[in-house]
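Same order as they appear, the protein sequences are chains A and B.
So that you can map any letter, position 224 of the first sequence is 277 in the numbering used here, and since no number is skipped, the others follow by simple counting.
So that you can map any letter, position 117 of the second sequence is 170 in the numbering used here, and since no number is skipped, the others follow by simple counting.
No lab work stands behind these hints, which were simulated from the structure alone.
Just so you know, not all the hints are guaranteed correct.
Intra- or inter-copy, both count: the list cannot distinguish identical chains.
With a cut-off of at most 25 angstroms between alpha-carbon atoms, the simulated SDA-like pairs for lysine to any residue come out as follows [claimed, not checked]:
hint : residue 1 : residue 2
1    : K122      : A104
2    : K170      : A327
3    : K118      : Q159
4    : K122      : R397
5    : K122      : G62
6    : K118      : Q398
7    : K214      : A60
8    : K122      : Q398
9    : K122      : E315
10   : K119      : R397
11   : K119      : G174
12   : K144      : R276
13   : K214      : A137
14   : K118      : G174
15   : K214      : D291
16   : K144      : A317
17   : K122      : Q95
18   : K119      : D261
19   : K170      : H89
20   : K144      : L414
21   : K210      : G71
Number of protein chains: 2
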Amino acid sequence: MTDTPLAPGSTVGILGGGQLGRMLAMSAARLGLNCHIYCNEQRSPAFEVAADHTIGDYDDEAALKKFAKSVDVATLEFENVPAAALAAIAKDVPVFPPPYSVEVSQDRLAEKQFAEKLGIGVAPYCEVHSLEDLQDAVEQLGRPGLLKTRRLGYDGKGQVKITDSTGLPEAYESLSGAAALYEKFIDFDREISVVVVRGRDGETRFYDPSENRHENQILAETRIPARVPGTIAHAATDIAERIVSALDYCGVLCVELFYCGEHASAPLVVNEIAPRVHNSGHWTLDACAVSQFENHVRAVAGWPLGTCARHSDAIMRNLIGEDAENWLALAREENACLHLYGKRQIRPGRKMGHVTWLRELRRQD
Amino acid sequence: MTDTPLAPGSTVGILGGGQLGRMLAMSAARLGLNCHIYCNEQRSPAFEVAADHTIGDYDDEAALKKFAKSVDVATLEFENVPAAALAAIAKDVPVFPPPYSVEVSQDRLAEKQFAEKLGIGVAPYCEVHSLEDLQDAVEQLGRPGLLKTRRLGYDGKGQVKITDSTGLPEAYESLSGAAALYEKFIDFDREISVVVVRGRDGETRFYDPSENRHENQILAETRIPARVPGTIAHAATDIAERIVSALDYCGVLCVELFYCGEHASAPLVVNEIAPRVHNSGHWTLDACAVSQFENHVRAVAGWPLGTCARHSDAIMRNLIGEDAENWLALAREENACLHLYGKRQIRPGRKMGHVTWLRELRRQD
Chain A
54 MTDTPLAPGS TVGILGGGQL GRMLAMSAAR LGLNCHIYCN EQRSPAFEVA
104 ADHTIGDYDD EAALKKFAKS VDVATLEFEN VPAAALAAIA KDVPVFPPPY
154 SVEVSQDRLA EKQFAEKLGI GVAPYCEVHS LEDLQDAVEQ LGRPGLLKTR
204 RLGYDGKGQV KITDSTGLPE AYESLSGAAA LYEKFIDFDR EISVVVVRGR
254 DGETRFYDPS ENRHENQILA ETRIPARVPG TIAHAATDIA ERIVSALDYC
304 GVLCVELFYC GEHASAPLVV NEIAPRVHNS GHWTLDACAV SQFENHVRAV
354 AGWPLGTCAR HSDAIMRNLI GEDAENWLAL AREENACLHL YGKRQIRPGR
404 KMGHVTWLRE LRRQD
Chain B
54 MTDTPLAPGS TVGILGGGQL GRMLAMSAAR LGLNCHIYCN EQRSPAFEVA
104 ADHTIGDYDD EAALKKFAKS VDVATLEFEN VPAAALAAIA KDVPVFPPPY
154 SVEVSQDRLA EKQFAEKLGI GVAPYCEVHS LEDLQDAVEQ LGRPGLLKTR
204 RLGYDGKGQV KITDSTGLPE AYESLSGAAA LYEKFIDFDR EISVVVVRGR
254 DGETRFYDPS ENRHENQILA ETRIPARVPG TIAHAATDIA ERIVSALDYC
304 GVLCVELFYC GEHASAPLVV NEIAPRVHNS GHWTLDACAV SQFENHVRAV
354 AGWPLGTCAR HSDAIMRNLI GEDAENWLAL AREENACLHL YGKRQIRPGR
404 KMGHVTWLRE LRRQD
């Protein structure tokens, strides 16, 4: 493990072959780096733009070893890569972000405890191992709230909303006994996120916080800049800084936060930490000289980080499921940057692409 | 041959696998289109970012046929594709730009005659089939001048400069008897170029003219906007419009012009017509919502054209030969967009990559 930057022509291995891997691979290619994608699915969006790919399961040690030996550094595009797979690869090749940081984010409890230890606000929660735990938690924290599995959640998967009318036994049953948390619903003004990148040498840079809107628990729209006071934007990047520093992180990481108003007792509450490039940073592809994808590649390849400044303000909208059928109308829109991920089948809730509308940069104070 | 736009998931075939093919393939992927690259070289920069590739000679009819049958539309990234190859492919699949326009640009004489027929200024020239022709031409047009082969010229290849001290027999010998032209050297103020895109339906859009500087007959630097009066910029795009209209063109085309000063008898003289995406349009990747590469793909795929407006001014510099050894220093420069083409071997005069520096847009009158 050396800190010499990987020379152009080197190969970056990426675990996962979805749209994030696809955009990472294209950004790596821009820098003259090749990508080798490892994914357990037959047809993955990233395969079509990568120099090489392996189809293999994440517990196939032989395939993982062969993959590790074929690349100069390994990284990932989804946080639920099994810890054992990362450990296996790390025997043969440097892995960034550090596996520990991935493990923390795989477990909502570990994530919350990690944030609390840093003095960073999180939504009040209780651990849930039984129906009685859930009943106690709801009594203690009140409704509405969210019952969430500790592991394998994303885009609202592994979550049940607990409203006044929700029956707790049914809600608990739906998790099939998985370890879980009950989390008090936060009454926030806005959701924001900070995309931060940290280099191998510890250099840390931030894109300005973006403002996000979810629909059906999936990100629908991101706008940059976020409509929050400058003090809040500063506090949000400070939280991101403390997180990547404590994790001795390398690569891009995204912190999703709830902004609860300047006068709330805790104005900012961390909702989620994603140890990877993030959907709420897709606007950087079109509005910045160096995107989150390129900065992630730069970081894991030991390159100097690129600028996180933007030349334009932007609004990004996801194309989810049938939204993608509008591709022709979207292609006609002026100043719209259309991105389609090459997924063959439209399914409800599936991220098929995104569109970024650029707007003239408004200088902020 | 229908004018229905190709749906995402369709395949664009590209003849040629160099950096232009590489950037075309990445732009196609952004739109959810796959690329199949056909190239006669073993390791081509475009292979690493394309869904499929074929290594074959441009006179291998069977391989060309198989390629044609595997794609939904075919295009090219270099203008010296043999006419027979284009004709062979056109039997099975639509080819854009139209083969006739490619043939015109393959022959400097045909290109000049085509421009003259449209009333567009070209450098004074004489045909050269013998040493006597050359001697007559030099006597008639004077020195300095350029002796150019009619075919297979690019980046200064197939050209000899005729100065006061050049011996004409040696100059003529160096062309090995190839049909040629002697062209009077134009005393220009600036070199500019217009990148134009025309859709299948005839819609035509232009990027603003850029200003180019060559070194050793290879493009060294492009700056946008060109430092020419607005009337000249307008006249230049008008010339480009007449060219693509007369060719019933589809795709991106670049017109290189000499600007000889507002008060010259012919202020603008066409130097070259390139029926493809062009090095002087690389800045569009970073300074526009839709690049020349994406607009070429849109045009040949029958999509609506994208905007040609830019959000930033820019300076693009080519990384030629050993320039590419500076990749690490260039990666450190703020606001520099670094592009490396994945070429393994540095050779003198070889285009290894480019850098675009973005600057704040200055509104022009």
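Hint check:
1. K122 / A104: both (16 angstroms within a copy, 24 angstroms between copies)
2. K170 / A327: So K170 and A327 pass the 25 angstroms test inside one copy only (18 angstroms; across, 62 angstroms).
3. K118 / Q159: within (23 angstroms within a copy, 50 angstroms between copies)
4. K122 / R397: between (31 angstroms within a copy, 21 angstroms between copies)
5. K122 / G62: So K122 and G62 pass the 25 angstroms test inside one copy only (16 angstroms; across, 32 angstroms).
6. K118 / Q398: neither (32 angstroms within a copy, 29 angstroms between copies)
7. K214 / A60: Classified as neither: same-chain Cα gap 49 angstroms, cross-chain 39 angstroms, threshold 25 angstroms.
8. K122 / Q398: Classified as between: cross-chain Cα gap 24 angstroms, same-chain 33 angstroms, threshold 25 angstroms.
9. K122 / E315: This pair counts as neither: shortest intra-copy Cα distance 51 angstroms, inter-copy 62 angstroms.
10. K119 / R397: The answer is between: 24 angstroms across copies meets 25 angstroms, while 29 angstroms in one copy does not.
11. K119 / G174: This pair counts as neither: shortest intra-copy Cα distance 42 angstroms, inter-copy 61 angstroms.
12. K144 / R276: Neither, since 41 angstroms and 48 angstroms both go past 25 angstroms.
13. K214 / A137: Result: close neither inside a copy nor across copies, 32 angstroms intra and 65 angstroms inter.
14. K118 / G174: Answer is neither; intra-copy 40 angstroms and inter-copy 64 angstroms both fail.
15. K214 / D291: Neither, since 30 angstroms and 62 angstroms both go past 25 angstroms.
16. K144 / A317: This pair counts as neither: shortest intra-copy Cα distance 47 angstroms, inter-copy 70 angstroms.
17. K122 / Q95: both (22 angstroms within a copy, 24 angstroms between copies)
18. K119 / D261: neither (39 angstroms within a copy, 50 angstroms between copies)
19. K170 / H89: Classified as neither; 37 angstroms inside a copy, 52 angstroms across copies.
20. K144 / L414: neither (46 angstroms within a copy, 49 angstroms between copies)
21. K210 / G71: Close inside one copy (17 angstroms), not across copies (44 angstroms); limit 25 angstroms.
Checked against the numbered hints given earlier, this structure breaks hints 6, 7, 9, 11, 12, 13, 14, 15, 16, 18, 19 and 20; the rest are met.
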